[in-house]
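Enquirer: If you're matching positions, the sequence shown starts at 588 in my numbering and goes up one per residue.
Treat the hints with care, since some could be wrong.
[Unchecked claim] Straight-line Cα separation of at most 20 Å, EDC-like style, residue types lysine to aspartate or glutamate; simulated pairs:
hint	residue 1	residue 2
1	K688	D677
2	K762	D699
3	K791	D878
4	K791	D820
5	K688	D760
6	K791	D699
7	K901	D699
8	K791	D877
In short, the hints are calculated from the structure, not lab data.
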Amino acid sequence: MRKPINKQGAIFAASLLAVCSVATAAPFDAFLEANPQARYGQGMFEFTADRMNKSLDLFKLRDNSLVLAGENSGDYQGGTLRAGLSLRSDIWVDGALQRRKITYGPDQPQIDSWRVGAQWQFLQAQANSPAAALRLSAWGNQSSQVVKSTSTALGPLTCTDGAGCIDRLSVNDAKDHTLQADLVGTWALGPVKLSAFAGAGQGKVTVGSVTANASGVPLLGNVTTTYSNGSFDDKLFDLASDIYKLNSELQSINYNTRMAQAGFNLAYSSGPWLWRGGYVLQNIQRTGVDDVIRNKNKTPYNLNHTVVGEVGYKLSPSVVLFTRGQVMTRQFLTEMPFLYNSLTSQRFNQRYGILSIGISAGFY
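Build out the structure end to end from the sequences listed, making use of the hints.
Expert: Okay, here's the thing in structure tokens:
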């Protein structure tokens, strides 16, 4: 019964790769600064509409394989709501919520993200020294169900009249969370403000279960099988006695993470115009995942480069209308850890980008 196991392994891998290959996240860390009060006053409120599609992808930021998979494959739409408040002159707290949808053929999974943070400015800017702050934050992502509803062939078989196919695959109750600390410094260089930061964090990725509905399975016909709590249900055990081979690989969908980052940004204003640009280098390490990938003679991915640019125009002294763009060398590798595992890793060697338009208001 070894042959059915190979087919089931292939279909789980192919389906998860397709479902999880096209999302991304808008990074907030690229514009970290030691004294947000200097920009926003006593508080701020910001909303952005985030998009990527064929019409917006003028610089071909998306990998070609996404476009070839369908006119709408790789499309992204979402919204981001951020707010911040100065509790006193040296303490700033903020939070953000994101809701986004990623299109892949007929499927459009929804992913919700959150972030909260607080920073303490322990050093005021002096003539020869920067302002400096310590920032603590917690952030995460979750999706109740990521579904691939199109038919997928079992290994070398073809889908003929629905036979030999996974008709629907769902990843259920997937989430991640990270606790992070950053040190931030800001220098005033004439009309230009330079900020630099470095930090590290620890997190965890969990997936509740993976469910596949298959038709035309030899000897069984139509079956539904679920992987949860480290094992499959009885129906898939009936397919093959050596299920542990696939079982051991799927155990890597739950793991711990360690991350580190460093970056800088520049801000410049001229009359009503505001300009910002930022860069972040992030590294993520995963317990028990990368070794599984190497054992398959494949390459794990750990580094991600992100560049963000923003142009804003002051509608009033406190209200700014802006457009923002970002480019990532490896999609959302370090922004949404729960979509990375030993089955999906090879889809992360791809670039991606997002364009946003938004409005922010400060309170002085």
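Enquirer: Hint by hint, note whether the structure agrees.
Expert: Each hint, compared with the structure:
1. K688 <-> D677: violated (37 Å)
2. K762 <-> D699: Holds - the C-alpha atoms of D699 and K762 are around 9 Å apart, at most 20 Å.
3. K791 <-> D878: holds (17 Å)
4. K791 <-> D820: violated (25 Å)
5. K688 <-> D760: Roughly 16 Å between the alpha carbons, so the hint for K688 and D760 holds.
6. K791 <-> D699: Holds, at roughly 16 Å.
7. K901 <-> D699: violated (30 Å)
8. K791 <-> D877: holds (15 Å)
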